[in-house]
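Each chain, written out:
Protein chains: 2
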Amino acid sequence: MPVLVMKFGGTSVATLDRIRRAAKRVGVEVAKGYDVIVIVSAMSGKTNELVGWVNETSPLYDAREYDAVVSSGENVTAGLMALTLQEMDVPARSWQGWQVPLKTTSAHGAARIQEIPTGNITAKFSEGMRVAVVAGFQGVSPEGRITTLGRGGSDTTAVAFAAAFGAERCDIYTDVDGVYTTDPRVEAKARKLDKIAFEEMLELASLGAKVLQTRSVELAMRYNVRLRVLSSFEEQSDNAGTLVCAEEDIMESKVVAGVAFSRDEAKMTLVSVADRPGIAATIFTALSEAGVNVDMIVQNIAEEGRTDMTWSCPTDQVTRAEKAMAEAKAEGVINFHDIIADTDVAKVSVVGIGMRSHTGVAAKMFKCLSDEGINIRVITTSEIKISVLIDRKYMELAVQALHDAFELDKAA
Amino acid sequence: MPVLVMKFGGTSVATLDRIRRAAKRVGVEVAKGYDVIVIVSAMSGKTNELVGWVNETSPLYDAREYDAVVSSGENVTAGLMALTLQEMDVPARSWQGWQVPLKTTSAHGAARIQEIPTGNITAKFSEGMRVAVVAGFQGVSPEGRITTLGRGGSDTTAVAFAAAFGAERCDIYTDVDGVYTTDPRVEAKARKLDKIAFEEMLELASLGAKVLQTRSVELAMRYNVRLRVLSSFEEQSDNAGTLVCAEEDIMESKVVAGVAFSRDEAKMTLVSVADRPGIAATIFTALSEAGVNVDMIVQNIAEEGRTDMTWSCPTDQVTRAEKAMAEAKAEGVINFHDIIADTDVAKVSVVGIGMRSHTGVAAKMFKCLSDEGINIRVITTSEIKISVLIDRKYMELAVQALHDAFELDKAA
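Going down the list, the sequences are from chains A and B.
First residue of the first sequence: 130, per our numbering; consecutive thereafter.
First residue of the second sequence: 130, per our numbering; consecutive thereafter.
Treat the hints as calculated values from the structure; they're not laboratory data.
A hint or two may mislead.
What the hints assert, rightly or not - Covered by chain B, according to a simulated footprint, are these stretches of chain A (three or more residues, beta-carbon under 8 Å):
no.: 1; stretch: 184–197
no.: 2; stretch: 211–224
What the hints assert, rightly or not - Cut-off 20 Å, straight-line C-alpha distance, at most; resulting in silico cross-link-like pairs (EDC-like, lysine to aspartate or glutamate):
no.: 3; chain 1: B; residue 1: K493; chain 2: B; residue 2: E536
no.: 4; chain 1: B; residue 1: K175; chain 2: A; residue 2: D312
no.: 5; chain 1: B; residue 1: K253; chain 2: A; residue 2: E272
no.: 6; chain 1: A; residue 1: K153; chain 2: B; residue 2: D191
no.: 7; chain 1: B; residue 1: K153; chain 2: A; residue 2: D312
no.: 8; chain 1: A; residue 1: K321; chain 2: A; residue 2: E363
no.: 9; chain 1: A; residue 1: K175; chain 2: B; residue 2: E536
no.: 10; chain 1: A; residue 1: K324; chain 2: A; residue 2: E297
no.: 11; chain 1: B; residue 1: K153; chain 2: A; residue 2: E185
no.: 12; chain 1: A; residue 1: K153; chain 2: A; residue 2: E216
no.: 13; chain 1: A; residue 1: K458; chain 2: A; residue 2: D437
no.: 14; chain 1: B; residue 1: K153; chain 2: B; residue 2: D304
no.: 15; chain 1: A; residue 1: K318; chain 2: A; residue 2: E185
no.: 16; chain 1: B; residue 1: K493; chain 2: B; residue 2: E525
no.: 17; chain 1: A; residue 1: K175; chain 2: A; residue 2: E185
no.: 18; chain 1: B; residue 1: K383; chain 2: B; residue 2: D312
no.: 19; chain 1: B; residue 1: K175; chain 2: A; residue 2: E185
no.: 20; chain 1: A; residue 1: K253; chain 2: B; residue 2: D191
no.: 21; chain 1: B; residue 1: K383; chain 2: B; residue 2: D473
no.: 22; chain 1: A; residue 1: K161; chain 2: A; residue 2: D218
no.: 23; chain 1: A; residue 1: K153; chain 2: B; residue 2: E185
no.: 24; chain 1: A; residue 1: K253; chain 2: B; residue 2: E272
no.: 25; chain 1: A; residue 1: K493; chain 2: A; residue 2: D538
no.: 26; chain 1: A; residue 1: K321; chain 2: A; residue 2: E525
no.: 27; chain 1: A; residue 1: K458; chain 2: A; residue 2: D538
no.: 28; chain 1: B; residue 1: K522; chain 2: B; residue 2: D473
no.: 29; chain 1: A; residue 1: K452; chain 2: A; residue 2: D467
no.: 30; chain 1: A; residue 1: K539; chain 2: A; residue 2: D312
no.: 31; chain 1: B; residue 1: K253; chain 2: A; residue 2: E185
no.: 32; chain 1: A; residue 1: K522; chain 2: A; residue 2: D393
no.: 33; chain 1: A; residue 1: K522; chain 2: A; residue 2: D538
no.: 34; chain 1: A; residue 1: K153; chain 2: A; residue 2: D312
no.: 35; chain 1: A; residue 1: K175; chain 2: B; residue 2: E185
no.: 36; chain 1: B; residue 1: K175; chain 2: B; residue 2: E216
no.: 37; chain 1: A; residue 1: K153; chain 2: A; residue 2: D304
Owing to the predicted nature of the structure, the values given are computational and were not obtained by experimental measurement.
Positions of the beta carbon are idealized from the N, C-alpha and C atoms, including for glycine.
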């Protein structure tokens, strides 16, 4: 029988009632003829409670013990989900990471999946079991200790199982009903997308749309796992939610798929840097070593032999960046007149695989912003994305204007 | 290095503060030169929460899933205890049942321990680890699924580890500071015993003294594991608590070690049963099949060819017993005139290995009760125990009088 993977996040299994609701969804897919692998998170709040205990006990904790403690939340949900399915007469059993076994590296707290042997679960499917409920977010190291996969680990578990079992699809049930052209709280006309390409989803995820973790999308893209994002709080038709899939599976798409934004950006400028070969490398090596995640970079020629260097980074890394630059100046490695930090900026981006074959997207974006009187501070582009840094007070205006300009409220 | 097993129950690890307190006790033993195996229960209340969820989800639950869910509480405590010890610079790590592996039967919810391979933990001890923190109450079945050991499982885990590792002693930390000559709430002069023989402890445990589970005492006796019961809420000297040990290790002991009692007893009488060979077997087989735990049995000759048959059983099994007898009468298997249930009785027992070599204990007991005007309803005896059923209203009086008569307030 074809295999389907279904993943339920913490809010979708927060109470016994919600677990029942999720189990009903699983029952619907079983009735259609699927063998189902269900990946569950801990009941929402449970992981935070466990993490809190670990931090209070041992601020610089042994990550192996952290994993042993924190993984227990998913084990509870997996057992309860299996029991709920059994109550509905669906043959089901739970699996903890070590029972599969989901083999990972020994990087406790942020382990990477190495192998998922399919033998144990496949044997049970052939004996008539219809649902394998797997505790997400966890695995077992070569040393036989429990590991956790870190942020987004449950989504990643789901995608990895879908790849290992050649699943027809991997459905991620969450508290939103799909991927939107932009955040509906900023633009009421935002439209849910039926389909989106992996590459677009990756750009949107890394730009601040929090529906799926980047890591799980990357894995899905590598193994061509069809991912569907949908809500566990609504009755669902077969075409509900948003399908994240290969570009080839999207017949006709718009040039621009969505508008993303991030408030959490700061613009920093080193004023009048003594220009010489390798100066950019020197600056950004120092920032990197200080743990500053530089995003956009712009260099202007200010005067003969001197230049201004501008970059953006997360707001909470500004102090760290200033300290790193002051130290580099004190050591004589870099020479500059001043350092300016502007935390009153925001990043707005348009994303779409159609940009590869369509010209004029950048021009249209800049004209749209100019028509609204919005000044662009910094520009960066990738093959399928154009990002601009603007004053934060114009962010909502820019998102709405771009959503209109690219007619994202209309279907392709 | 010599191995010591220390077990901490739910109230002893109920909060992070109490875990720290328990860890300090472990640190003291490590400093003395022991390699320590710590067995932990779930934080008190946690197991009940998990059991509640399972029951609400599935009243007739799959015991395998029950075990997978319920065992998670001990895993949390084990990890937190290991972290706490590490914070105190004591090299420690946690072990879940399957990691040891503690091998059990497949009788989920009430599994029996089959084997505890010592290789993994011993190897870590020889690498310099000083404390192995083991999640109590759990193991792994031949099928690779998580099992739990049922009532008293954590005490049993501790004793089994002590036997497997040839531990010098197994310390059971609990919320009382030892085994008493009787319940101090009934007799203020009750005295804590320094030592008690396994056989006496077994009789006391099964007679209602709730300090140790019968099962763990049986196991300790079979493998001659020296058990010590002591409080985790008091500063402890080396000779604190009560040592439960082989008879040979107790140099001099009193004839009677303690007085036990149970309120939860009912006396039932079948009046005027038609007497014939095998009638007792017929009656008690029927009761056994109905799930009635018969304790004491007395038969009186009432008249020619007829007899009265009296037994005691737990109060909450009276209805069941009456039903079983009524059915047997209706089927013509047993013939009797009437059935009388008296739930206003209590059982009081004196226990002591000294009875084996001393005569006159029964006479002294009966005289003592008679002096207080207490009528004895039923008597039973074993090699080291004499039990009587009396009216419940005299129970406290009987316990106090017997405690005095056998001078239990004075040391041996």
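Results for each hint:
1. 184–197: holds (count 9)
2. 211–224: holds (count 7)
3. B:K493 with B:E536: Measuring from Cα to Cα gives roughly 12 Å; hence the hint holds.
4. B:K175 with A:D312: Since the Cα atoms of K175 (chain B) and D312 (chain A) sit roughly 40 Å apart, the hinted pair is violated (cutoff 20 Å).
5. B:K253 with A:E272: Measuring from Cα to Cα gives roughly 12 Å; hence the hint holds.
6. A:K153 with B:D191: Status holds; Cα separation ~19 Å.
7. B:K153 with A:D312: Violated: K153 (chain B) and D312 (chain A) sit about 53 Å apart, past 20 Å.
8. A:K321 with A:E363: Holds, at roughly 15 Å.
9. A:K175 with B:E536: Violated, at about 54 Å.
10. A:K324 with A:E297: Answer holds: K324 (chain A) to E297 (chain A) is near 16 Å, not above 20 Å.
11. B:K153 with A:E185: Measuring from Cα to Cα gives roughly 17 Å; hence the hint holds.
12. A:K153 with A:E216: holds, 11 Å
13. A:K458 with A:D437: holds, 15 Å
14. B:K153 with B:D304: Given that 20 Å is the threshold and the Cα spacing comes to 17 Å, the pair holds.
15. A:K318 with A:E185: violated, 45 Å
16. B:K493 with B:E525: The given pair, whose Cα atoms are some 18 Å apart, holds under the 20 Å limit.
17. A:K175 with A:E185: holds, 15 Å
18. B:K383 with B:D312: holds, 18 Å
19. B:K175 with A:E185: holds, 19 Å
20. A:K253 with B:D191: Roughly 16 Å separates the two Cα atoms, so the pair holds.
21. B:K383 with B:D473: Since the Cα atoms of K383 (chain B) and D473 (chain B) sit roughly 32 Å apart, the hinted pair is violated (cutoff 20 Å).
22. A:K161 with A:D218: Satisfied, since the Cα-Cα distance of roughly 15 Å is no more than 20 Å.
23. A:K153 with B:E185: holds, 17 Å
24. A:K253 with B:E272: holds, 12 Å
25. A:K493 with A:D538: Holds. K493 (chain A) to D538 (chain A) sits at ~17 Å (cutoff 20 Å).
26. A:K321 with A:E525: At roughly 19 Å apart (the allowed maximum being 20 Å), E525 (chain A) and K321 (chain A) satisfy the hint.
27. A:K458 with A:D538: Not satisfied, since the Cα-Cα distance of roughly 50 Å exceeds 20 Å.
28. B:K522 with B:D473: At roughly 8 Å apart (the allowed maximum being 20 Å), D473 (chain B) and K522 (chain B) satisfy the hint.
29. A:K452 with A:D467: Holds: K452 (chain A) and D467 (chain A) sit about 13 Å apart, inside 20 Å.
30. A:K539 with A:D312: holds, 16 Å
31. B:K253 with A:E185: The given pair, whose Cα atoms are some 27 Å apart, is violated under the 20 Å limit.
32. A:K522 with A:D393: Roughly 13 Å separates the two Cα atoms, so the pair holds.
33. A:K522 with A:D538: Violated, at roughly 23 Å.
34. A:K153 with A:D312: violated, 29 Å
35. A:K175 with B:E185: Since the Cα atoms of K175 (chain A) and E185 (chain B) sit roughly 19 Å apart, the hinted pair holds (cutoff 20 Å).
36. B:K175 with B:E216: violated, 24 Å
37. A:K153 with A:D304: holds, 17 Å
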